[in-house]
Amino acid sequence: MNTASVPEVRTDKGFLPRQTKLLLGAFVILGAIGFIVFNSLNGNQQYFMTLSEMKAKGDIASRETVRVGGNLAPNTTKIDTKNVTAQFTLIDDQNNVLPVYYKGILPDTFEKSTQVIAEGKVDKNGTFQASLVLAKCPSKYDPSQIDWHSSTDPGNLNYSTGQ
Amino acid sequence: MSTIGTVSIFLALVVAVYTTLAAVIGARRRIPELTASARNGILAYTALMTIAIGVIVVALYTHDFSIALVANSTSRELQTIYTVTALWSNQAGSLLFWSWILSLYSAIVVLRKWERDRDLMPYVIATLMAIQTFFAFMLSFITSPFAHWWSVNGQTVMALFPPAGAVAFIPADGQGLNPLLQHPAMALHPPMLYLGYVGFTIPFAFAMAALFTGRLGPAWLRTTRRWTIAPWLFLSIGLMLGGRWAYDVLGWGGYWGWDPVENAAFMPWLAGTAFLHSVMVQERKGMLKVWNIGLIIITFSLVLFGTFLTRSGVITSVHSFTESDIGVWFLSFIAGVTLAATLLLFTRLKQLRSERDIDSLLSRETLFLLNNLLFVGAAFAVLWGTIYPLFSEVVLGTKLTVGPPYFNQVAAPIFGTILLVMAIIPLVGWGGATGAKLVRKLVLPAAISVVLGAVVFALGVRDLVPLTAYFLALLVIVSTVSELIQGTLARAKNTHEFFTTALRGLIERNRRRYGGYLIHIGVAMMAIGIVGSQVYATDSTRALKAGESMNVRGYTLTYENLSPNFPSGEGEITSATVGVFQNGKRIATLSPSRGFYPSSGETATTPAILSTPQEDLYVIIAGWEDNFATVTFRAYVNPLVFWLWFGGFFMIVSTLIAAWPDAREEARVRVEGLAKEAVRA
Amino acid sequence: MELLFAALIVIGIIAFIAYPLFTVAPDEIDEEPNALDGLAAQRDSAYDSIRDLDFDFQLGKLSPSDHAALRDKYTSRAATALQQIDALGGNGADAHIEEEVARLRAVKHAAPSADDALEREVARLRAHKGAPAGLRCANCGTPYRVGETFCAKCGNKLTT
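Keeping their order, the protein sequence lines are chains L, C and F. Residue numbers for the first sequence follow the numbering used here, so the first one is 1 and each next one is one higher. Residue numbers for the second sequence follow the numbering used here, so the first one is 1001 and each next one is one higher. Residue numbers for the third sequence follow the numbering used here, so the first one is 2001 and each next one is one higher.
Bear in mind the hints are in silico, worked out from the structure with no lab data behind them. Treat the hints with caution; some may be incorrect.
[As the list claims (entries may be wrong)] Derived pair list, reagent style EDC-like, types lysine to aspartate or glutamate, alpha-carbon separation capped at 20 angstroms:
#, chain 1, residue 1, chain 2, residue 2
1, L, Lys103, C, Asp1539
2, C, Lys1493, F, Asp2052
3, L, Lys124, L, Glu64
4, L, Lys124, L, Asp59
5, L, Lys55, L, Asp123
6, L, Lys82, C, Asp1539
Throw the hints in and build the complete structure from the sequences for me.
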């Protein structure tokens, strides 16, 4: 009867014990994931600034894509539905002004919104060319209850190789 | 009427505190009267929460605008179903809903498991009620669903008790519900999500109880498994409904934006999936015990964190409905729970020793372990991207954000590897697989997948990443289906059953494994849908006069008719009739529309979708000019997105198959219970 | 009026919670971890592993030597668990056991896919009544040793 000693199915092969190999493998995987995260972060992060911060940072917005948030100046929104473009102006309480030009469909509640976030770059003429627009819409009674609506227009929907 | 509600909530807080203490003291000091009282306490909490919910629902239904919640979220013209479901569209209501759902789950657990898991139950109750204490506290003092609007010194203030000199302010009509939320999927999506989220509290409570009592054996495992698959299923349904809603209602042609609120629900799903898989290893081989407790702690922490993210608007988000001061409380609570649970885990590490070592590096166990790492890694990557703005602002001094490009870039390799593991797992057994045997079993599925991949290549997919993704997804399907077929044939050989009977028998004999395989097939289909629609979607935008046409990807769309400002519900809808032609033949008529709702000042763009398994044609009205002389249309073509929805549906049905109670096993458990009685007597 | 309702609710809830404090509670809480629980799980886990092993072998995932070695390992694990269960077992609640056996048979008929594991269970329960420790043939109840494939008495195939 063979109850006393149970034969091991596999003996450790190689010079490392199994447990160590497993731990090593785990570290490799976690390391790989960490590397991917770090890499993607560096390649894709953007400044998220107010108008005054953007001004303070000089010409950062003309060099890289940034996200900027400000208040929508009333009566400055012009929508061209034929060409599907829009223009509006962002202001803040420190009298900074930023004209924005957006190629796409604005979010549904844009004209009623007070705060807007735009993602893009500033062009040579000082106009902010936006590729993404997020609009904040205040509620009638309680300013602390807010709905966000986004155009979430990814713009370029076509994939290209060589990330 | 709100007095009853307020009293119920305050009493619920008292009951929660009492029950937590009674359960713990009763268990430790072995005072059965106290534990029995605690059991009644948790049921009493359920009753009180139900009363509170009832009061709110009645208030909503009767348009009682004296209650701020009702005034803020509904209006007189709102359809009844959306009036009632507005309960969870605001902060206080959603916290109340959270607590109520947890109390329902708790009552069911207590009523069903009191006899069976007598040793664990007091600690389960204590954990659940400690969590409920937090929610009851928030609902009593920080954000009460029964707060009123008061008018004082020319300002309006929302509070539970009137400030000095205030007069009640009762608006004539409410603000109405965001029209984007007036969609059937939106009526169902939050309850499903909550049933999912909140449901994970139960396995968490059982884990804590198991740690407290040291009973980490099979009883805990069996209970945990049942009480994890249900919330996981609901969460999956909730996520799918959310995606479908975004697709149908938000009008941008997509279904997932890596929005913080979306991520808030996705992260617990990822950790929960890891947990679900990992407990299978503990069941079979008594291993990964520490991992499992760790995973459920992570899952529950992510649940709380997700609730916090959604409710506090701390990060800019597309649909964060509210923004207030519950943030600090929530963060402290999350930190406290996670810390306490982890500490408890550490003190019990000795009792969590593996019963067995891993036999071989190429085995089901190692693949499950790899699976754990990948899913947790994915959850971490998503978490990191989501909180990066906060982190960078606090730690680095500048606010930085990442958008979909970051998430897509991290998700692709991780989920691609997960697909690969899904493809191999049916071919590897517990205890070990011979490397040569695995390769031999892999050859046929791989060959078929390569052939299918070549077809995909011929159809125009030339980029490496999508091609690889398609190949892996196809490999999963082929490998899993081949395993199902071979298994059925082998069983039929043993039992001489007809093929379909043998297949059914095969699944019933090991639901977790074969039901799981069916789920994997569903997931692979979803992967195909996601890759197709994310990578190869195209769109076209044109301004058209009546009678003019535009082209997109082989479709010709002709703007035929417009019916402007048609009254509907509380607003007006403008819809267009668009004829769809392919190869000169008319194949469909679509009616995209745009609605305007004066009470909330909102516009909503509703797409018209022509869906085939091959692709979706998705048309919206972008706007109009010159008093409707020209209307601008945008048309998307989303390839293969059908497979995302169908795969999701397939996955959900398969989950039901996998989770269905097993008559055999029920009998076995009952017999064991009796044998235990016999021994004790 | 509202206050009356509220007061009633408060009183009702407090009464409901306080009630068990004043009634004698007969049930005790089991203090020690139940050894039977763990042993039963070990036995079932071993059975499941063997069943899966056989199936995997049939499907060509294991080599013959690996299959034999693993099978031996799990068979002896099952045997050890069974022996320890029997050692702990008492002669009580005969009527209960008969009742459960009948119910098991009913389940088996209702779900034709229920298999020999149930049969094993039934036989074990019967064998429990005052039998010495050891493995028994599912058909006739004759004890046998680990490793034997067919019952010496009735020739039934022995499944472990």
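Cross-check of the supplied hints:
no. : hint                    : result
1   : L/Lys103 <-> C/Asp1539  : 14 angstroms, holds
2   : C/Lys1493 <-> F/Asp2052 : 16 angstroms, holds
3   : L/Lys124 <-> L/Glu64    : 13 angstroms, holds
4   : L/Lys124 <-> L/Asp59    : 11 angstroms, holds
5   : L/Lys55 <-> L/Asp123    : 14 angstroms, holds
6   : L/Lys82 <-> C/Asp1539   : 16 angstroms, holds
This entry satisfies every hint, going by the numbered hints stated previously.
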